[in-house]
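Protein chains: 2
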Amino acid sequence: MDRHSGKELSERVFLYDTTLRDGAQMEDISFTLEDKLRIVSRLDSLGISLIEGGWPGANPKDREFFARVREIELKHARIAAFGSTRKAGNSVSRDPVVADLLEARTPVVTIFGKSWHLHVRDILGLSREQNLSMIRETVDYLKQNGREVVYDAEHFFDGFDDDPDFALETVRAAREAGADWIVLCDTNGGSLPDAISLATARVAKDVGGALGIHAHNDSELAVANSLAAVLAGARQVHGTINGIGERCGNANLVSVAPNLALKMGFFVMEPAALARLRDSAAFVSELSNRALPKNMPFVGESAFAHKAGVHVHAVRKVSRAYEHIRPELVGNRQRILLSEQSGRSNLVEKARQYGLSLEDGDSHLSTLLARLKEMEYAGYQFEGADASFELLMRQALERTDPFFRIDFFRIAMGRGEKDGYAEATVQVRVGSQSEHTAALGNGPVNALDNALRKALSTFYPEVRHISLLDYKVRVLSGSAGTASRVRVLVESSDGRRKWGTVGVSENVIEASLDALKDSVEHYLLTSGALRHGE
Amino acid sequence: MDRHSGKELSERVFLYDTTLRDGAQMEDISFTLEDKLRIVSRLDSLGISLIEGGWPGANPKDREFFARVREIELKHARIAAFGSTRKAGNSVSRDPVVADLLEARTPVVTIFGKSWHLHVRDILGLSREQNLSMIRETVDYLKQNGREVVYDAEHFFDGFDDDPDFALETVRAAREAGADWIVLCDTNGGSLPDAISLATARVAKDVGGALGIHAHNDSELAVANSLAAVLAGARQVHGTINGIGERCGNANLVSVAPNLALKMGFFVMEPAALARLRDSAAFVSELSNRALPKNMPFVGESAFAHKAGVHVHAVRKVSRAYEHIRPELVGNRQRILLSEQSGRSNLVEKARQYGLSLEDGDSHLSTLLARLKEMEYAGYQFEGADASFELLMRQALERTDPFFRIDFFRIAMGRGEKDGYAEATVQVRVGSQSEHTAALGNGPVNALDNALRKALSTFYPEVRHISLLDYKVRVLSGSAGTASRVRVLVESSDGRRKWGTVGVSENVIEASLDALKDSVEHYLLTSGALRHGE
Numbered sequence: 001m002d003r004h005s006g007k008e009l010s011e012r013v014f015l016y017d018t019t020l021r022d023g024a025q026m027e028d029i030s031f032t033l034e035d036k037l038r039i040v041s042r043l044d045s046l047g048i049s050l051i052e053g054g055w056p057g058a059n060p061k062d063r064e065f066f067a068r069v070r071e072i073e074l075k076h077a078r079i080a081a082f083g084s085t086r087k088a089g090n091s092v093s094r095d096p097v098v099a100d101l102l103e104a105r106t107p108v109v110t111i112f113g114k115s116w117h118l119h120v121r122d123i124l125g126l127s128r129e130q131n132l133s134m135i136r137e138t139v140d141y142l143k144q145n146g147r148e149v150v151y152d153a154e155h156f157f158d159g160f161d162d163d164p165d166f167a168l169e170t171v172r173a174a175r176e177a178g179a180d181w182i183v184l185c186d187t188n189g190g191s192l193p194d195a196i197s198l199a200t201a202r203v204a205k206d207v208g209g210a211l212g213i214h215a216h217n218d219s220e221l222a223v224a225n226s227l228a229a230v231l232a233g234a235r236q237v238h239g240t241i242n243g244i245g246e247r248c249g250n251a252n253l254v255s256v257a258p259n260l261a262l263k264m265g266f267f268v269m270e271p272a273a274l275a276r277l278r279d280s281a282a283f284v285s286e287l288s289n290r291a292l293p294k295n296m297p298f299v300g301e302s303a304f305a306h307k308a309g310v311h312v313h314a315v316r317k318v319s320r321a322y323e324h325i326r327p328e329l330v331g332n333r334q335r336i337l338l339s340e341q342s343g344r345s346n347l348v349e350k351a352r353q354y355g356l357s358l359e360d361g362d363s364h365l366s367t368l369l370a371r372l373k374e375m376e377y378a379g380y381q382f383e384g385a386d387a388s389f390e391l392l393m394r395q396a397l398e399r400t401d402p403f404f405r406i407d408f409f410r411i412a413m414g415r416g417e418k419d420g421y422a423e424a425t426v427q428v429r430v431g432s433q434s435e436h437t438a439a440l441g442n443g444p445v446n447a448l449d450n451a452l453r454k455a456l457s458t459f460y461p462e463v464r465h466i467s468l469l470d471y472k473v474r475v476l477s478g479s480a481g482t483a484s485r486v487r488v489l490v491e492s493s494d495g496r497r498k499w500g501t502v503g504v505s506e507n508v509i510e511a512s513l514d515a516l517k518d519s520v521e522h523y524l525l526t527s528g529a530l531r532h533g534e
Numbered sequence: 001m002d003r004h005s006g007k008e009l010s011e012r013v014f015l016y017d018t019t020l021r022d023g024a025q026m027e028d029i030s031f032t033l034e035d036k037l038r039i040v041s042r043l044d045s046l047g048i049s050l051i052e053g054g055w056p057g058a059n060p061k062d063r064e065f066f067a068r069v070r071e072i073e074l075k076h077a078r079i080a081a082f083g084s085t086r087k088a089g090n091s092v093s094r095d096p097v098v099a100d101l102l103e104a105r106t107p108v109v110t111i112f113g114k115s116w117h118l119h120v121r122d123i124l125g126l127s128r129e130q131n132l133s134m135i136r137e138t139v140d141y142l143k144q145n146g147r148e149v150v151y152d153a154e155h156f157f158d159g160f161d162d163d164p165d166f167a168l169e170t171v172r173a174a175r176e177a178g179a180d181w182i183v184l185c186d187t188n189g190g191s192l193p194d195a196i197s198l199a200t201a202r203v204a205k206d207v208g209g210a211l212g213i214h215a216h217n218d219s220e221l222a223v224a225n226s227l228a229a230v231l232a233g234a235r236q237v238h239g240t241i242n243g244i245g246e247r248c249g250n251a252n253l254v255s256v257a258p259n260l261a262l263k264m265g266f267f268v269m270e271p272a273a274l275a276r277l278r279d280s281a282a283f284v285s286e287l288s289n290r291a292l293p294k295n296m297p298f299v300g301e302s303a304f305a306h307k308a309g310v311h312v313h314a315v316r317k318v319s320r321a322y323e324h325i326r327p328e329l330v331g332n333r334q335r336i337l338l339s340e341q342s343g344r345s346n347l348v349e350k351a352r353q354y355g356l357s358l359e360d361g362d363s364h365l366s367t368l369l370a371r372l373k374e375m376e377y378a379g380y381q382f383e384g385a386d387a388s389f390e391l392l393m394r395q396a397l398e399r400t401d402p403f404f405r406i407d408f409f410r411i412a413m414g415r416g417e418k419d420g421y422a423e424a425t426v427q428v429r430v431g432s433q434s435e436h437t438a439a440l441g442n443g444p445v446n447a448l449d450n451a452l453r454k455a456l457s458t459f460y461p462e463v464r465h466i467s468l469l470d471y472k473v474r475v476l477s478g479s480a481g482t483a484s485r486v487r488v489l490v491e492s493s494d495g496r497r498k499w500g501t502v503g504v505s506e507n508v509i510e511a512s513l514d515a516l517k518d519s520v521e522h523y524l525l526t527s528g529a530l531r532h533g534e
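From first to last, the protein sequence lines stand for chains U and H. With our numbering applied, the first sequence has no gaps in its numbers, which climb one by one up to 534 at the end. With our numbering applied, the second sequence has no gaps in its numbers, which climb one by one up to 534 at the end.
Do not rely on the hints blindly, as some may be mistaken.
[What the hints assert, rightly or not] Below, computed lysine-lysine pairings styled on PhoX-like, alpha-carbon distance capped at 25 angstroms:
1. U:K498 <-> H:K472
2. U:K143 <-> U:K294
3. U:K294 <-> H:K75
4. U:K472 <-> H:K294
[What the hints assert, rightly or not] Partial list, computed: chain H residues near chain U (C-beta under 8 angstroms):
5. L118
6. E220
7. M296
8. V508
[What the hints assert, rightly or not] Label pairs and their in silico Cβ distance ranges:
9. U:T32 <-> H:G528: 51 to 61 angstroms
10. U:R121 <-> H:G209: 44 to 54 angstroms
11. U:E398 <-> H:G89: 35 to 45 angstroms
12. U:D360 <-> H:G178: 47 to 57 angstroms
13. H:A370 <-> U:R496: 37 to 47 angstroms
14. H:D163 <-> U:S366: 33 to 43 angstroms
Read the hints as simulated data drawn from the structure, not as lab findings. Every residue, glycine too, gets a C-beta built ideally from N, C-alpha and C.
The shape of chain U in the complex, shown without the other chains (with noise of 0.2 angstroms):
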């Protein structure tokens, strides 16, 4: 199968989406109602078949999501509620987390039953067939009330390992009560390939019907887990977007959809939503306030950047030697990096896409070089400050004087009696004129950023469309000796594009000021705004 192409593939497995409930068990993530229902739309429009929205048992604001996800047209997706099966003393129609699953309203249900006889017999003081009981009547039950029934077979591989006859059994249970997909979880994550491959095989065979894998992460072996019951069988595979959840995570729907549908021949979402897949993970990766990792499997804004010298070469000419997939399939695309090991080949490669020109033998070349080494270890680096990188690269070579210059500037906060201020003041020199102006803000560096654009502004009015997206400050590790420097990494948009700039400095302000000049200067270079005369 040619992975380069996409073509046309047979089988099909449905991927089952528990980025709102096991996701949003992570430390650091906490959705709102409104994140949940963009989500669920974001989900659907990439095609993924089934949606774990919640646990409305556990959390009151689940109950919300479930009556306003109703109300949202779905064209793939179908929403499934999550709960356990019923409590031991309770009768199924009785118990009030089933009664919550029900009332949720969703076309389908998962619960989850315990697979493992250490768990049942040793944490619950439950017998074999007390766990049986709860886990057919409740199966049972949810199918009498309409539901399609998701059965999560809860530390299966764990308990297929010590009892192999007790885990069947419970499986077995559940899809006789008539349970339409059979779950097998590998809840502590710390599950091999080779286990999960046996044990999934044996419950095709022994047990048959519609399978699934629910992996995590704890071994770093949750995508490959999947990707080894699917082989066994397994046709349903659960995860999270950008594999977020509790300790190290869910399988990486991220990862899984691509492999699965690009290597192996199943069919997992159009080729148009897979080319979605990266917006998708940036996504929900803004909503979860984390940054995507840079270097995040097939995604990140690492994941097709070629850096040593000795690659770049060699990419320029036969792109799939160097890349797996054609990056596009997901979303994503080339870039060409600067590095330490950056060789003369990046250089000129950088100058020809800012349209500069500078040949291999062009002395400036060895000038640059030698500059970009000297600023990477002072701390500048210029991944994802693009524009600084470029307006160092146009000085170099084309000596043209910048747009404006900072005469001086302050900045005061404080809290008094009643309320908190930022106030910034800056005074900016364009030719023989200058403009010293103040300007509010939600803190100095954005006090600053409005005063710059502010004084600015009276010169190139354009400026008024700049506005600060992402603001980084990572503290330096000092040699013994010296102080710590602070790196700084702007984002900026115009609405339209965005570009990213760096400013090093020991003070976090002064290192602020310069990437945020720089910001401003590339925005007037690159928009064409006319010099204004001496």
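With the hints as your guide, set chain H onto chain U.
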């Protein structure tokens, strides 16, 4: 094999660390010479067998490294210099890259050669024979010069997939010329575990001898691929600490090692060294200027952190019910967290940890739970800010007065004629007395922190021991119509222990001040400071 006791194991797998070479090719990574030497010592103490120190031909800094590393006394590790086979047109004895490799005077030399006709023919424009000669002659030459030779078969799996005979021929040539290790590289990172297994088994059968695997994480399968290769006969695994490396990184040795050692019956390093895994990961992470991701398998802060109400209850009873290995085996520990799905049992457990009395039926419990959910909804998160939560619980349960209050504060920052400055003033109140002072800092938060502790030290001299270790700002997405809030997480230390606090506000300075206040308050509380009377 009992993964929970770490019993003594039989067959040996050697770890080959390329953190300093392949790892350093990652975006945003830039190790100084001192960093590299410190990492070498740390890797040696871990029991790593081979350390790839650099690429002398590509980077001048590396030459100095190889000179300096000879001065370090190593107990386990041997250093390898990395480079390419001789260039097509050069004789091996006059090739500058090969000369550089020998000049590094390392006991081991690792060279990479082409296994895929696509590279040989289409990119380099060479014949099959030319390629084989380059491989043979370089390996032979290095052996004659007394080196142990590791031969990296670049793009082996893609090459084997396209033309198995071509690929096998290249590694056979290296073996016959005397290479000590043949390492099969999945250079593009796109191979699946079964393909890795098959190809590795084939090489083991057709070529034989000591084999290794060098996987990349572009498909999120590097660890799985490494394990698959070991099962197929490889006994050397290449990777980096924390999986750093170009694009999506190399195989993460921090996951590979415990999987091999605790689950697959191989000897990888002494148990005492394995128990230092977490510290080593944190160490390299600090030098890389990257935070160790909380959700990192095995060694992440969250790897054994239990959140959802239902788990915590079980975890307290029987650890192996919910933990795939005992965390101490890799130097990690179990943690109980707060969450939106926080159950009563989580809070009772937390109170117990803090030495507070809180029973399951206590009326304060419901109040606290509600307050917690309310604060989390407002943007507070207590993971990473355990000290703030402890204060919250104490205030609710013990109703003690704070150690101090802040009457007012001001911050100013700017740059005038020459240098920049940041100045903060603050007035604190303790009982009926107040202290108003000023301090400078290298930024607004640092100045505020200094001023706060300077003012407080007149009442509580011990606050001088507190220092700020880490400071993270996160902008919280506001819902439509409201301004964005900012959450500040501060990590403090007194040189012996660390603690985290949090502050949330629309103003980053206010949020920072709240986090700093909590930090000092918590320190005074837990260090048994005497309160000043009214």
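Right, here's what the structure says about each hint:
| no. | hint | verdict |
| --- | --- | --- |
| 1 | U:K498 <-> H:K472 | 24 angstroms, holds |
| 2 | U:K143 <-> U:K294 | 44 angstroms, violated |
| 3 | U:K294 <-> H:K75 | 36 angstroms, violated |
| 4 | U:K472 <-> H:K294 | 19 angstroms, holds |
| 5 | L118 | 6 angstroms, holds |
| 6 | E220 | 4 angstroms, holds |
| 7 | M296 | 7 angstroms, holds |
| 8 | V508 | 4 angstroms, holds |
| 9 | U:T32 <-> H:G528: 51 to 61 angstroms | 41 angstroms, violated |
| 10 | U:R121 <-> H:G209: 44 to 54 angstroms | 50 angstroms, holds |
| 11 | U:E398 <-> H:G89: 35 to 45 angstroms | 37 angstroms, holds |
| 12 | U:D360 <-> H:G178: 47 to 57 angstroms | 38 angstroms, violated |
| 13 | H:A370 <-> U:R496: 37 to 47 angstroms | 45 angstroms, holds |
| 14 | H:D163 <-> U:S366: 33 to 43 angstroms | 40 angstroms, holds |
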